[in-house]
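K.L.:
Chains A and B supply the protein sequences, listed in that same order.
With the first letter of the first sequence counted as 1, position 168 gets the number 168 in this note's numbering; the numbers rise by one all the way through.
With the first letter of the second sequence counted as 1, position 141 gets the number 141 in this note's numbering; the numbers rise by one all the way through.
If you are wondering where the hints come from, they were derived from the structure by calculation, not from laboratory data.
For clarity, every value in this text was computed on a predicted model and none was experimentally measured.
Worth double-checking, as some hints may not be accurate.
Which chain B residues face chain A? A few, computed with CB under 7 Å, are given here [as the list claims (entries may be wrong)]:
{"hint": "1", "residue": "A72"}
{"hint": "2", "residue": "Q75"}
{"hint": "3", "residue": "A78"}
{"hint": "4", "residue": "L81"}
{"hint": "5", "residue": "L83"}
{"hint": "6", "residue": "V84"}
{"hint": "7", "residue": "I172"}
{"hint": "8", "residue": "M175"}
{"hint": "9", "residue": "M176"}
{"hint": "10", "residue": "P179"}
Chain A stretches covered by chain B per the calculated footprint, using a threshold of three residues with CB under 8 Å from any CB of chain B [stated by the list, open to error]:
{"hint": "11", "segment": "66–72"}
{"hint": "12", "segment": "88–101"}
{"hint": "13", "segment": "167–179"}
{"hint": "14", "segment": "182–195"}
We treat Cβ as the ideally placed atom computed from N, Cα and C, and that holds for glycine.
Protein chains: 2
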Amino acid sequence: MNEHISQQFNVELDDLKNQVMTMGGLVENHVQSACTALVEGDAALAERIVDEDFKINAMEVAIDEKCTYIIARRQPTAGDLRLVLMNIKTITDLERIGDEAEKVARMAGELIDLGAMKEHYVEIRHLGDHVRKMLHDALDAFTRMDVEAAVTTVAEDKKVDLEYEAIMRQLITRMMEDPRSIHRSLNVIWAARALERIGDHSKNICEYVIYLVKGKDIRHLDMKEVEKSIFS
Amino acid sequence: MNEHISQQFNVELDDLKNQVMTMGGLVENHVQSACTALVEGDAALAERIVDEDFKINAMEVAIDEKCTYIIARRQPTAGDLRLVLMNIKTITDLERIGDEAEKVARMAGELIDLGAMKEHYVEIRHLGDHVRKMLHDALDAFTRMDVEAAVTTVAEDKKVDLEYEAIMRQLITRMMEDPRSIHRSLNVIWAARALERIGDHSKNICEYVIYLVKGKDIRHLDMKEVEKSIFS
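Model the full structure from these sequences, guided by the hints.
P.N.:
Shown next as structure tokens:
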């Protein structure tokens with residue numbers, strides 16, 4: 001009987017994991033599409049991403065409910081409990097990545113309306129690629145509960161921040177040279193800022209993986225300490 | 001015996017609430033101090049807020065651990081479980097408000113270094129006051145589990161967003177009139193953006209209160225629907 005219950009519980013945990021991975025896939029798709037809409041000036045694609053953010057929100061609500069149900073019904077032990085709580089935190093970050101993708105799509109729409117030429121935001125193509133890779137690697141680390149991959153991905157965030165700052169400097173120079181470009185450049189800045197925040201949320205997800213597996217709270221340590229505590 | 005356990009459990013829940021309120025008080029203090037540092041050009045105060053953000057982070061870790069312990073040990077019923085989960089979410093937002101306060105303090109420091117005059121960022125004094133009131137009201141709604149206050153505070157977020165956009169327009173105009181002010185103005189924009197995000201996080205806390213008390217997930221409904229679902 002107990003075995004039966006624990007088998008059912010394992011099925012529920014697998015289901016939960018699959019749902020989070022499905023949500024992660026949709027979020028990845030939104031980030032990818034928002035970047036494409038921006039870089040290629042695709043207004044219809046931008047509009048679709050804005051219109052469909054509600055799907056990601058609905059997934060968060062459903063998974064959150066499922067987690068609460070699992071804890072209340074199964075009263076998991078400390079280890080399994082941490083796993084479920086970690087899923088709750090992960091979907092909060094995924095939902096917010098969806099919001100940031102929506103912002104990028106909105107900025108794409110505004111830039112198209114402003115008649116900005118594609119060259120004007122080519123700077124952020126690279127940032128977009130970098131952040132998408134970070135998100136992908138974070139979801140991968142989550143799926144495989146892979147601490148080393150998570151640590152490597154956390155370290156990427158520093159590079160994303162530097163890239164973001166370089167874009168900022170470029171855009172400030174452009175605005176000073178041509179004040180008429182200020183409005184347009186600010187939209188590019190907002191899009192870059194949203195991408196940088198997607199990097200932050202991806203980093204959060206990796207930190208949950210490390211915390212769950214290693215049982216150490218690295219969220220507020222610096223990276224040197226993290227590497228020391230993981231690899232020693 | 002059961003009564004004894006449940007009494008102990010209630011003591012733990014009260015403790016938890018007090019800890020979250022203490023954390024909320026410290027976060028409020030950081031937001032207040034960061035705004036003061038910015039508006040009054042107080043470099044020492046700005047530095048202290050940057051240096052002391054770790055205290056807020058440590059509080060989040062400690063309270064998060066306590067919540068996990070309570071769930072694992074007491075196996076609370078659905079209602080109490082939701083309450084504990086809601087505390088976990090609330091401290092995540094409080095910790096991020098602390099991060100935003102740190103950003104405001106950093107921008108204050110940079111503006112002081114740039115020799116910006118106080119008149120240059122007087123615009124955001126009002127935004128700072130507004131956001132601080134939102135945070136205060138959100139913590140108040142949390143303390144009293146007051147749904148009506150929470151709904152009213154959620155509605156404030158729209159006004160904060162409008163105020164933020166007005167500041168953006170003013171600053172863009174200034175940058176176009178005087179391109180030499182771009183660097184300075186961008187720092188003011190970052191500070192305003194951080195304040196606007198504090199409004200977002202305060203709104204999140206209010207939504208957790210409403211969700212817990214009403215059992216409806218309003219996080220992804222619009223305000224008209226919210227008012228209808230709460231006040232009807």
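K.L.:
Run the structure past the numbered hints and jot down the numbers of the failing ones, going up.
P.N.:
Of the numbered hints, 5 and 6 do not hold.
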